[in-house]
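Note that numbering that gives the first Met the number 0 gives residue 3 to position 4 of the sequence shown, counting from 1, and the numbers run on in steps of one.
The set of hints was computed from the structure by calculation and includes no laboratory data. You may find that some hints are simply not true.
What the hints assert, rightly or not - Using C-beta positions, here's what the derived DEER-type ranges look like: (1) R4 / S34: 45 to 55 Å; (2) R29 / K2: 10 to 20 Å; (3) L27 / E52: 55 to 65 Å; (4) G3 / I62: 16 to 26 Å; (5) R30 / F53: 48 to 58 Å; (6) T44 / T23: 31 to 41 Å; (7) R4 / H66: 32 to 42 Å; (8) G3 / N54: 34 to 44 Å; (9) R4 / V37: 17 to 27 Å; (10) G3 / T44: 31 to 41 Å; (11) I32 / G3: 40 to 50 Å.
All figures in this text were calculated on a predicted structure; none of them were measured in a lab. We put the CB at the ideal spot given by N, CA and C, even for glycine.
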Amino acid sequence: MIKGRPPRLAQIFQSYGAPLFFVTICTLHRRKILSLPVAQELLTTYGKRAMSEFNVALGRYVIMPDHLHFFIRGDQSFV
């Protein structure tokens, strides 16, 4: 490594566990989600299923009228 140069991403991620991803998903044509409570129920149901069936953890999330943001992490095979 060159002195004063930051380490490359591969070297950084090797020193940690499975990476954490920040994901943003938009609705088709940015249409408004008709029911935010229903969207929340679907997302939490998916999160529980993802953990039990695939060992993928859904972290904090924000549901907006036309998109959502969330953190997700799996094991090493998830990458």
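Quick rundown of the hints versus the structure:
Between R4 and S34 the C-beta distance comes to about 50 Å, which sits within the given range of 45 to 55 Å. Taken as a hint, the range 10 to 20 Å is violated for the pair R29 and K2, whose Cβ atoms sit roughly 47 Å apart. At roughly 27 Å, the beta-carbon separation of L27 and E52 lies outside the given 55 to 65 Å, and the hint is violated. For G3 paired with I62, a C-beta distance near 43 Å fails the hint of 16 to 26 Å.
Between R30 and F53 the beta carbons are some 29 Å apart, a value that contradicts the proposed interval 48 to 58 Å. Between T44 and T23, the C-beta spacing of about 20 Å breaks the proposed range 31 to 41 Å. About 36 Å separates the C-beta atoms of R4 and H66, a value consistent with the hinted range of 32 to 42 Å. For G3 and N54, the hinted distance range of 34 to 44 Å is satisfied, since their beta carbons lie about 39 Å from each other.
In this structure the hint that R4 and V37 lie 17 to 27 Å apart at CB is violated, the actual value being about 49 Å. Between G3 and T44 the Cβ separation comes to about 49 Å, which falls outside the hinted range of 31 to 41 Å. At roughly 47 Å, the beta carbons of I32 and G3 sit within the given window of 40 to 50 Å.
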